[in-house]
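Chain residues, written in single-letter form:
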Amino acid sequence: MQPTVHSIRISLSSEPRLLHILRCVVRYRAQEAGFPPEDSDCLSMAIDEAASNVIRHTYGNRPDAHLEVEIRSFPDRLEFTMEDSGPKVRPEALKPRPLEEVRPGGLGTYFIKCFMDAISFDEDFKEGNRLRLVKYLAPKGSISDESARQDRE
Amino acid sequence: MKVRVRTENNTTIIDCTGEVDLYSSPALRETLLREMRGASAMVLVNLTGVSYIDSSGIATLVEGLQLSQRTQTRFGLFGLRNNARSVLELARLTKVFTVFENEQEAVAKIASTLPFSGLP
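Listed in order, the protein sequences are those of chains A and B. This note's numbering puts the first residue of the first sequence at 1, with every later residue one more than the last. This note's numbering puts the first residue of the second sequence at 1001, with every later residue one more than the last.
No lab work stands behind these hints, which were simulated from the structure alone. Careful: at least some of the hints might be erroneous.
Unchecked claim - With a straight-line Cα cutoff of 20 Å, these simulated SDA-like cross-link-like pairs (lysine to any residue) come out:
id, chain 1, residue 1, chain 2, residue 2
1, A, Lys113, B, Asn1083
2, B, Lys1095, A, Glu101
3, A, Lys95, A, Phe74
4, B, Lys1095, A, Glu100
5, A, Lys95, B, Arg1092
6, B, Lys1095, A, Pro98
7, A, Lys113, B, Lys1002
8, B, Lys1002, A, Ile21
9, B, Lys1002, A, His20
10, B, Lys1002, A, Pro98
11, A, Lys113, B, Glu1089
12, B, Lys1095, A, Val102
13, B, Lys1095, B, Gln1072
14, B, Lys1095, A, Gly106
15, B, Lys1002, A, Glu15
16, A, Lys113, B, Gln1072
17, B, Lys1095, A, Pro104
18, B, Lys1095, A, Tyr110
19, B, Lys1095, A, Leu99
20, A, Lys113, B, Arg1085
21, B, Lys1095, A, Arg97
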């Protein structure tokens, strides 16, 4: 029998004030999927950073564009896809800058890489960009799962 | 997010409350840079009430730090909650900023710190 996959799709205009709502949905969905609160916060930040990048860099801070975020919950992971209709982003854009450079900006991609297990652009997506981000749940009873439980106690 | 400016013991304190993200960080940036260019020789950012800060908020604080070097203003942070501290640690910035535990310590010690002189 195929495992059940739960899916939520959110359509947002590219207004920064809506990022708060996106973070709330991601955090809630992550906790519901079994991620501990700390990991859920990290996931919501990663998706916030990805959406912020779209608003700032792909749309050049235009508030009248749109992005679509889909959250799919599998038994072992959460998968996020973020679609925009802006100009194509080069995959090199996912490369974070060296942390030795203390300067404003450029940290968002670094945080995304820190918090997600996999991140890639869908090269077959024709109009705009589709970013795929994946975070796996720690297996039940694993060392990290156990230490997380102990941390919370 | 709300930003309030007050003065304690000749030190400008910027109280920041709420979530600092792409939407709200421009307001913090405007206040921080204005105060840094003003008459105050010491500026502190109170993050006690900040429940969330993203890379745009961190970038704002880094911009303030860089400006403090040019204006020779003593600049520090205090009241970091776990999430803000974790984000700064992840970005390896806790050693770059002058970070105090609380307002009492910050106001007492900021005058004895050196203005940011850049990285070695």
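Each hint tested on the structure:
no.: 1; hint: A:Lys113 to B:Asn1083; result: 17 Å, holds
no.: 2; hint: B:Lys1095 to A:Glu101; result: 13 Å, holds
no.: 3; hint: A:Lys95 to A:Phe74; result: 27 Å, violated
no.: 4; hint: B:Lys1095 to A:Glu100; result: 12 Å, holds
no.: 5; hint: A:Lys95 to B:Arg1092; result: 18 Å, holds
no.: 6; hint: B:Lys1095 to A:Pro98; result: 16 Å, holds
no.: 7; hint: A:Lys113 to B:Lys1002; result: 30 Å, violated
no.: 8; hint: B:Lys1002 to A:Ile21; result: 18 Å, holds
no.: 9; hint: B:Lys1002 to A:His20; result: 15 Å, holds
no.: 10; hint: B:Lys1002 to A:Pro98; result: 32 Å, violated
no.: 11; hint: A:Lys113 to B:Glu1089; result: 15 Å, holds
no.: 12; hint: B:Lys1095 to A:Val102; result: 11 Å, holds
no.: 13; hint: B:Lys1095 to B:Gln1072; result: 19 Å, holds
no.: 14; hint: B:Lys1095 to A:Gly106; result: 19 Å, holds
no.: 15; hint: B:Lys1002 to A:Glu15; result: 19 Å, holds
no.: 16; hint: A:Lys113 to B:Gln1072; result: 35 Å, violated
no.: 17; hint: B:Lys1095 to A:Pro104; result: 16 Å, holds
no.: 18; hint: B:Lys1095 to A:Tyr110; result: 18 Å, holds
no.: 19; hint: B:Lys1095 to A:Leu99; result: 13 Å, holds
no.: 20; hint: A:Lys113 to B:Arg1085; result: 18 Å, holds
no.: 21; hint: B:Lys1095 to A:Arg97; result: 19 Å, holds
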